[in-house]
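*Asks:* All chains should be modelled from the sequences, with the hints used to inform the complete structure.
Line by line, the protein sequences are chains X, S and A. The opening residue of the first sequence carries number -14 in the numbering used here; numbering runs sequentially from there. The opening residue of the second sequence carries number 1192 in the numbering used here; numbering runs sequentially from there. The opening residue of the third sequence carries number 355 in the numbering used here; numbering runs sequentially from there.
Hint data in this document are derived by calculation from the structure and do not stem from the laboratory. Among the hints, a few may not be true.
To be verified - In silico DSSO-like cross-links for lysine-lysine, where the CA-CA straight-line distance does not exceed 30 Å:
#1 A:Lys491 to A:Lys460
#2 A:Lys460 to S:Lys1238
#3 S:Lys1364 to S:Lys1238
#4 A:Lys580 to S:Lys1238
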Amino acid sequence: MRTIEQYLPDHPFFRELDPQALAILAGCAQNVSFAPGEFLFREGQAADQFYVVRRGRVALQTHSPAAGTMVVDTADAGDVVGWSWLVPPYRWLFDARAAERTGAVSFDGRCLRDKCEQDPQLGYELMKMVTQVMFGRLTAARVRLLDLYGTTQATSPAVSPLLSQARLTDARSTDAGATHAAPS
Amino acid sequence: MPRLAEHDIAAPGGAMVPRLFRLVERRQDTADTFTMMLEPTDTVPLKFIPGQFTMLSAFGVGEVPISVSGAADVDGPLQHTVRDVGPVTHALSRTAVGDVVGIRGPYGTGWNVGEGADRDVVLVAGGIGLAPLRPAMLEVLHHRQRYGRVVLLYGTRSPEDVLYADELTRWEKLGVEVLITVDYGTPSWGGRVGLVTSLIPRAGFHPRSTLALVCGPEIMMRFTATALIDRGVNPDNVRVSLERNMRCGVGLCGHCQYRELFVCLDGPVLAYAQVSDLLGTREL
Amino acid sequence: MEDVRGMVLLLPGLQLLIDLLRERGWTVIGPTVREGVVVHAEIESVEQLPRGVGDVQDSGSYRLRQRGDEAVFRYAVGPQGWKSLLFPSRELLWSGQRTNEEMSVKPAEVDAPRLALLGVRSCDLHALQIHDAILAKRSAPDVAYVCRREDNFVIALTCSDPGGTCFCVSMGTGPTPDEGFDLRLTELIDQEGHRFLVQPGSDRGEEILDELTTRAVADEVLNAAKADRDAAQEVAATAVQRMGRSLDTDGLRDLLYANTEHPQWEDAASRCLACTNCTLVCPTCFCTSVEDVSDLSGSQTQRWRVWDSCFTNDFSYLHGGSVRSSVPSRYRQWATHKLASWVDQFGTSGCVGCGRCITWCPAAIDITAEVGAIRSGKG
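*Replies:* Right, dumping it as structure tokens:
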């Protein structure tokens, strides 16, 4: 089992950082593990960590009275979980739960924020990495919003079809095609 | 006087007259998707290549293009996996075992997955897009040793919408890397939640020589093709299966035109490199 | 115009020709005036032809006028070509009968009368050949079209009075028919009198001409003199100078492919009603749809093939919406297909320069002007 300092440089999220920067970040980090079903954090709690998943799977979930608990994202080995430590008021917006036995490196968010304030260059490098991952997540979330695999008749408690009221065709349309009576 | 070319009319009335097929077995796959097993009443089997489709008629209601979802070159009933989304597919969903439907075809171009021999093959399926890819996968598995790594990346709406779930497990045992993700799930799912493109960096294949077959909603195919190419797959080696409104399946009605391409004749399977500009044009 | 000798017919000779064709089992279809329009109908007598009739055509405008002479072919094209004769707007494909769980399907019998087409102008002749290429010569032919086209006797006509919307010269499709006919007529009306130069274009045409000559009793059929052939060439040369419109086809395919987002499409669509008139009158449009009809019990089913148009909202329907739901996208589709994609698909332009779409557009949209605006860069 490698130490954090040995593991981090191979991790896709940290690959671009130089060794000194990594060492500073490693100073805020510790190894953690979760049993299946165990929560990493819960909606509403103070958000002061972010997690780099080493193995296992973390499910991001929320709940509603009608739909129950919905999983909106998962993070596997190599993924990063938790962004609310970056953005005031630093509170979790979702639950994070280990879907299976999960090992991760947890970073103290407040410690990281302080180090970035002191060393803006480090802060900038970290922001670049964060932005890249967020960009991918945002794009994926937007595409999933389209509910591409739904139909205009489908209703979903969590995701409404994009192709709904605005595109409902008139009664003539069928999936075989409308009859078009042309004058001869 | 213009001379008309010799024409081979297979049956009186030509290509617009359906053959009769009887529903011999029916399986409900998900809430709105079902698979029909069909036998020809004239006992002449329908020969097709993976990727092709037929025009399926519910008599008195209408006709729709549906990809063949069973194995080619294997004895057995013709298989069609159909999603109930309109009057014709609804009528097909209500067809009882023993009833007769109409079939014309097969039509269109195939995946030609055989060209992936000695290379890695990646199949990326979105939603019901797994059905047209299934014949290609079955062809690969029939000759597994001819191919390098074989990967299936499958994204669908929710755990309840996963098609051919038992078969996917069997494919894994036959040496296919199967990665599945859903748009949303419940905790009992335990699997991945996210967009199918997120699976591309995770899968084990060598991009440079990989043959990639992609099938699903057009937006999903655009994003997937881009993600594959970002990983190093050659755009000439990415194939997509397009869909357009079809009323004849044989290039006569004009509905399926995609600029100069007839999706029923030049497609539905097309090289991504050939259509990437067209895919970027709105309302084409 | 090839210097094929041919014969000269006076008007009674033209009647003899009609009679001979009818005797041989052909139904002769030709131009006649009906409700202020030149249409195609069965012709038994030359009296039915539009004698002394001319036409005035412009964008969104068509009217007939009195010429003050006896000419019977001296106008441009009417709204119909020959499309609805060979490729009707409704055609039964098959009928099905259900008894219990058994279904039987019977292909429809094709109604294919032997047609003699009298007065096919060069633009329409090219349109026929285009339809042959699409409907008859590909892997899945339109069987009924093939049957109806099989035994046509084509009497082509050199255009003498092109209309205000004609541009066959730009499209390389006229005004002189050069192939694909049995006989070619050129109507001459000058100090030598009113007569028709008839030149054969096939063995069958020659045989008919020979038979005509044998049957003629007086001056109905005469040998053609060089002066007659010169006069015919003059008719064609004059027609070339009288095109109402023009279209620069140089690099047109690439131009339209490259301008999918040109503001001119929105501009045209702001006037376009998507009424489908242009596709109805266009002699090369071929898009169709199918209609399934059944009785209340569902035991009898019929499938009909019907004309369709890319201008309808449902034409491109797919999964809950139409791919081309906006009118600009549909106008772009029609113009680009006709003038650009067609070339890649079938080897020729889809437009024969007949001008019908310009004349019969209720919004007076002119395809040559729209495409011209894209070429010149004036949005």
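*Asks:* State for each hint whether it applies.
*Replies:* Tested hints:
{"no.": "1", "hint": "A:Lys491 to A:Lys460", "verdict": "holds (24 Å)"}
{"no.": "2", "hint": "A:Lys460 to S:Lys1238", "verdict": "holds (23 Å)"}
{"no.": "3", "hint": "S:Lys1364 to S:Lys1238", "verdict": "holds (29 Å)"}
{"no.": "4", "hint": "A:Lys580 to S:Lys1238", "verdict": "violated (63 Å)"}
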